[in-house]
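Enquirer: Model the full structure from these sequences, guided by the hints.
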Amino acid sequence: MSDDNLGTSVYEVEVRLDGDAVVFTGTPTEKIEGVEQGGILAKGKFDARGNLHGEWASTIGTGGPFDLYPHLGTALVGGSPSLEQIYTSNQDLGALRLFRTDIEEILSVMRRKFGGARIVVTHIDRGAELALYDDEFEKRLDKLEKLNWIKLSVQAPAEGGFTRSLTLDLGQSFNRVTTQGPDEAWVLGEVEATASALRRRQHGLSTAIGKYKVNFNQLIFLAALVAMPELPLQQRAVFVGGVLLLLYGANKAVEKLVPNFGVNFQESRPRFLAGVWPSALSWIISATSAVAASFLFKWLGG
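Our numbering puts the first residue of the sequence shown at 18, with every later residue one more than the last.
Any given hint could turn out to be false.
Unchecked claim - Here are the simulated BS3-like cross-link-like pairs (lysine-lysine), alpha carbons at most 27 Å apart as the crow flies:
hint: 1; residue 1: K60; residue 2: K156
hint: 2; residue 1: K62; residue 2: K156
hint: 3; residue 1: K60; residue 2: K130
To be verified - Estimated spans, in silico, between C-beta atoms of each pair:
hint: 4; residue 1: G78; residue 2: N107; range: 39 to 45 Å
hint: 5; residue 1: L262; residue 2: W203; range: 21 to 27 Å
hint: 6; residue 1: G258; residue 2: L158; range: 30 to 36 Å
hint: 7; residue 1: G78; residue 2: L158; range: 18 to 24 Å
hint: 8; residue 1: N107; residue 2: G258; range: 34 to 40 Å
hint: 9; residue 1: E47; residue 2: K160; range: 42 to 48 Å
Since the hints were derived computationally from the structure, they do not count as laboratory data. C-beta atoms are modelled at their ideal positions from N, C-alpha and C, and glycine is treated no differently.
Expert: Given below as structure tokens:
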């Protein structure tokens with residue numbers, strides 16, 4: 018066993034079977050001056066893929082979960098080994114509002130697609146990031162109310178000694194699905210399938226219209242440019258300044274009042290008002306800025 022700070026410890030390990038579990042017993046073979054070493058007891062079970070998962074503990078009080086994966090090795094047939102490629106794909110989504118059943122469904126799908134692997138769920142708890150395995154996280158669902166950031170990640174061994182992974186990073190800055198692995202077809206297909214499943218909870222905001230995420234406020238500005246030639250030079254400057262202030266205020270209002278992401282664990286399914294208010298509010302804010310811009314133009318034009 019190697020530690021970056023304390024160096025290397027050599028253990029004599031015995032392995033035995035206890036029913037369907039594998040038990041490891043380790044004893045240090047030599048003493049290291051200034052370092053306290055303890056005996057190790059670990060117990061785990063194999064999953065369908067041949068990976069070993071379990072818990073370990075030492076006689077000095079340390080311990081925790083462990084995951085072991087079979088090392089298949091690499092066969093070299095003359096010359097240098099061929100280089101493998103790792104593919105990564107990202108899909109960014111719009112504003113999302115999820116509920117308890119959505120998170121439970123996402124975890125269920127990830128377990129099915131990554132059989133035997135453990136999912137890590139990270140969220141903010143009392144001002145700090147808390148990372149838990151999926152089973153531990155689900156035990157805490159009744160205590161959670163709302164989160165504005167959550168990250169779910171899972172990985173499993175793939176061909177050639179590589180791993181394939183899926184990560185959902187959902188929060189106020191962005192909502193992103195990321196896949197990585199040596200199989201390009203799987204990487205592209207999985208990221209699209211996961212993103213498509215989440216889009217049913219996506220809100221159509223005035224700040225992201227259509228495939229190319231056009232901002233409705235940008236359309237207002239273009240309309241203002243078209244209308245400007247009808248005004249004298251001084252009024253044009255006032256009109257442009259007024260429109261820019263209105264658009265800036267509208268964007269800030271949408272950012273402040275309409276969250277980019279939220280998950281409510283106290284509701285299993287969305288109510289009608291909870292499902293439509295983010296989209297409705299963003300459009301009301303943008304429409305208000307457009308009406309204000311038209312009144313400004315009319316006032317300046319006499």
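Enquirer: Which hint numbers does the structure go against, in order from smallest to largest?
Expert: 5, 6 and 7
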